[in-house]
Amino acid sequence: MQKYLLRRAFFALGTMIGVSLIIFVVLRILPGDPLVAILGVEGYNKMSPADHARIMADLGLSDPLAVQYARWLRDIVTGQLGKSFFRGDTVRDLILHRGPLSAEIAVLALVVSWLVGLPIGILSAIRPNGWADTIARSLSILFIAIPGFWLGLLMVLALLFWFGYKAPILVVHLWEDPWQNLQLVIGPALVLGLAQGAYIARMSRSCLLEVIREDYVRTARAKGAVERAVVLRHALPNALLPVITISGVLLGFVLGGSVAVEQAFGVPGLGRSLVTAIIERDIIVVQNLVLLYALIFVAVNVLVDLSYAWLDPRIRYQ
Amino acid sequence: MADPVPSKARRLAVSRRSFLKTIGVAGAAGTAPAFLRSGASAQETPASEPGAKRGGTLRYGILSAPAHFDIHQSGTVANLGAQGPMYDCLVRRDPRDGQTIIPDLAQKWDVSPDGKKYTFQIRKGVKFHDGAELTAADVKATYDRIVRPPKGVVIPRSSLFTAVGEIVVVDPYRIEFRLTEPRPKAFMLGAFASGWNVIVRKKTLDDNHGNLRQIENFPGTGPFRHVSRKDKELWIQERNPNYWNKGLPYVDRLEIYHLAPFSPELGSAFLSGKIDYARLLDPVSWRKAKEMPGVTAAQFNQSVIQAFWVNGKRKPFADPRVRRAIHLSMDRNALIDVVKDTAPMQIGGFVYPFHEASTPTSELVKRLGYQADTKAAVQEARNLMAAAGYAQGIKNLDFVVREIATFKLWAVAIQAMLKEALNIECNLRVVQTSQWFEEAGAGNFDLAISAIVSSLMDPSDYFEAWYGKGGPQNYGSWTNEQFHTLAHQIEREVDENKRKAMIRQAEDILESDPPLIPVAYERINDAWYNRVHGQNPSSYFGIYDVVRWDTVWMS
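Chains A and B, in that order, are what the protein sequence lines are. Counting in numbering that gives the first Met the number 0, the first sequence runs from 0 upward without gaps. Counting in numbering that gives the first Met the number 0, the second sequence runs from 0 upward without gaps.
Hints are computed from structural coordinates only; laboratory data are not their basis. None of the values given here were measured: they were computed from a predicted structure. Just so you know, even glycine gets a beta-carbon here, dropped at the ideal spot from N, CA and C. A couple of the hints might just be wrong.
[Unchecked claim] Pulled a few chain B residues facing chain A out of the computed Cβ check, cut under 8 Å:
id: 1; residue: G74
id: 2; residue: R147
id: 3; residue: G151
id: 4; residue: F186
id: 5; residue: E264
id: 6; residue: S271
id: 7; residue: Q431
id: 8; residue: F436
id: 9; residue: E437
id: 10; residue: P471
id: 11; residue: Q472
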C-alpha cells in the first residue's frame, strides 16, 4: 500500500510539474501586454519605450523565462504564490478569501448530483423503460445539454424580476453568516449539481442494470431477501464503483464549469477571479489558480483510486 | 436688495473707476464661457444645503477595483470611482451642474492679462488625513509630477500642461504656474479642475520615489477617509471630521461596491435595492429603473468616442477618398440601434457633438454620412471609390475587433455595411483588449475598432492625441498638414469666437480627410433611489470630474 501511495504521489508530482510548465509557457506565449490593464489605455498609449521596459523589469517580466519559472516555484514552496501585478495583493490571500466559496460550491454541487442522480438512477434501473425511466432519462439529457451559465443567468433574472431578489454581492463565509453564505452558493451549486446529477443518474442506471443481472443478485432473491435489500445492500455497493470514478472526473467539470457559473451568478469566488485575471492578463494570478485547479483534480483522482479498496475488498494495491 | 431701476442721481454717481470695472466685467462675461468664473471666491464652494440631513451610509455601485492606486497615473474610473472622495483638486467642477469651475483647495485665482500666468491662493488650515497641513509645496510637488513625470511614471494628463514652463511657490499659500505660451483660460482651468489632478503630499511622493502605484491609502485632503478595502468587492470610507469645507460631507460612510459597467451584476444589485446609487447601468436595467417608483434615472454625456481606424500606412487607405467613402457608407443610426440594449450611444462626428464649438447635432444630421436615409451618402461613397480606382471594392481586409460586446456587435454590422455599400470584404479578428492595443500600436490591421477618451471636452485636449501627427491614439497614422497647423493655432487662440470658427474649419478638414471613422458617442446611465439627494449628473461631462459625494445626503 505504501509503495502504491508513493508511486501515485510521484506520478502526481510529475503531472503537476508538467501542468505548471504548460501554464507557464502558454501564458508567456499568448499575445497581449499586461501593461494595458495596469496603466489603462491612456497611460499605455502615452508610455515611452523606456518606461515600458522599466515597468516590465519592475514586474519581473524582463527576466529570462527560467528565472521567472524558478521564482514561481520558490513562491509555491514558500506558500506565498506570488503577488498580483495589480495592487500587489498576494495570490495566497486571494485563495484564502475566495477559495472557501468555490470549494463550498463544488462540494455542494457534488452532494446535489448524488442526491438527485442516484435515486433517479436506481428508480430507472428497477423499472427500465417504464414511464419513470423515460422521464428521468429525458430530464437527464436536458440537464446535460443546457449550459450552466445560461441556466444560471435565467435563475438570476427570474428571481430578480419576479421576486426582486438578488443574492449577496460580497464574499460571506460560512462561519460568518451561514444564511447569507447559503444564498451565495446555493444557486451555482444547484446548476452545477443538476448537470452532474444527470451523468450520475445515467451511470448508476446502467451499472445497476448490469449488476442486477448477476448471479449473486439472483441468489439473494432466491434466498427470499426483499427487493429493497437486494438492490440497496447487494447490488448497489457493487454498482457504485464506476459512479465514484465518474464523480472524480465530474469534480473536474464542476471546477471548470464553476468559472462560467460563478460569473453568471455574480458569485465572488475563485472562478470569477480567474476570469478577471485572464481579462487583465494578470499572469501570476492565472498561473496559480490554474495550478490550484489542476492540483485539486489530481488529488481527487488519487482519492477516488484509493477509495476503490475500501469499497471493493477484492481490490488490493501493490 | 438693489433697486430694480436705479435713480438718476445714483446713475450719475457712478465713478470712472466703477464704470470701467463694470465695462470690464461685462466684456469678460461676453467672451468667457458661461461656466467659467474668474477670480471666484470661497463662497462659491458647495455650502450646506438647507434641509439637508447629516448621517447615514451611501451605497454606491461602480467599477472600483483599480489596477493600481496611483490616481495621476490612471485613466480609468476604477480609480477615481473609489478614490475620488478622498482627495481634492486646486479648483473643481461644481457638483450642482458639473460645468462651472469653482474654488477647491485654491480659494481664489488670478490669470495675468497675457494669459501666461496663473496664480492660485491656497486655503489655510487644510489638513491631510494624516494631520499634516497643506501648503503650496504640496501643490508644486503634485504638479511637478503631473507636468513632467519622473522616469517609470506615466501620467496621461501631462499633455494638458505642455505650456507650463515653471511652477513657482510664491509663499506657503500662493503658487504660480508660468506658461511658455498662452492658452485659452477655459482650457487651462478645465485642466486644473480635472478630477484626476488631485493634490497629494510632497512627503508621500518623496517617500515613495514619486510612484504611488502600490500605495493603497496615501493621505488626501478630501471629504472622506479610507477605512478598509476588500479587493474587487468593497471599499469603505468614512466622513472626514476635519474637512476644510465645514458642514460637508453629509453622509457618515461611503460603501463603494465594485460592480462592472453595463453588467447584469450592477443592474441586479440596483434593482434589488442592494445599492442606493448605480453608475454606468446597462440600458435594459436603466429603463427598468426608470419605470420604478421612488427611483430617478439620468443620462449624460461621456468623454469617449467610439470609432474604427483605417490603416493609413496601407495602400488603399492612404487615399482620403477611400477613407471618406468608408465614412459615408456607415448607417450611424443603425449602428446606434444595434447596441441599444448593450450601451447607450448618440450620433456624432469628429468633435464632441455636445461641445459648444462643434456643429450642432440638428445640423450634423443633415450632412452626408449622418442622415437617417443613407442613399445619397452611399451613392457619393461609391463615386469616391470609383474615382480612387476601387469601383470593384476591396477584398480580404483584416478587421481587428476589441473583445467587448459593443465592438463585436458593431464589427458585424460594419462588415455588412461595407460589403453592401462598397463591396469591401473584411475578416473579423476578435482579440483581447491588451492585444488590441499592441496590434493597433504596431499597425497590424487594416481596420480596427475600439474607443478612446479625453480628459476635457475642449478639442485642444484631444486634437493632438487623436488626430495629431504621431499622436498616441492616432492609430491610423493619419497626417494632414493643414489640420495640424490649424490645431496648433486653436490650441493658442484665446479669443473664443475666433477659436470656435477655427474648430468648425477643423471639422470640415476631418470630414473630407477622415483620420478615423466615428461610430458613436457614448452616454452614461445613472440611477438612484430618491432617498439620495444633492446630486444630479444630467449636465455632467464624463465621470471623471465630479466624483466626491461631499454634497450628497440621505433621507
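Status of the hints after comparison with the structure:
no.	hint	result
1	G74	holds, 3 Å
2	R147	violated, 13 Å
3	G151	holds, 4 Å
4	F186	violated, 18 Å
5	E264	holds, 4 Å
6	S271	holds, 4 Å
7	Q431	holds, 5 Å
8	F436	holds, 5 Å
9	E437	holds, 5 Å
10	P471	holds, 4 Å
11	Q472	holds, 6 Å
When each numbered hint is compared with the structure, violations occur for hints 2, 4.
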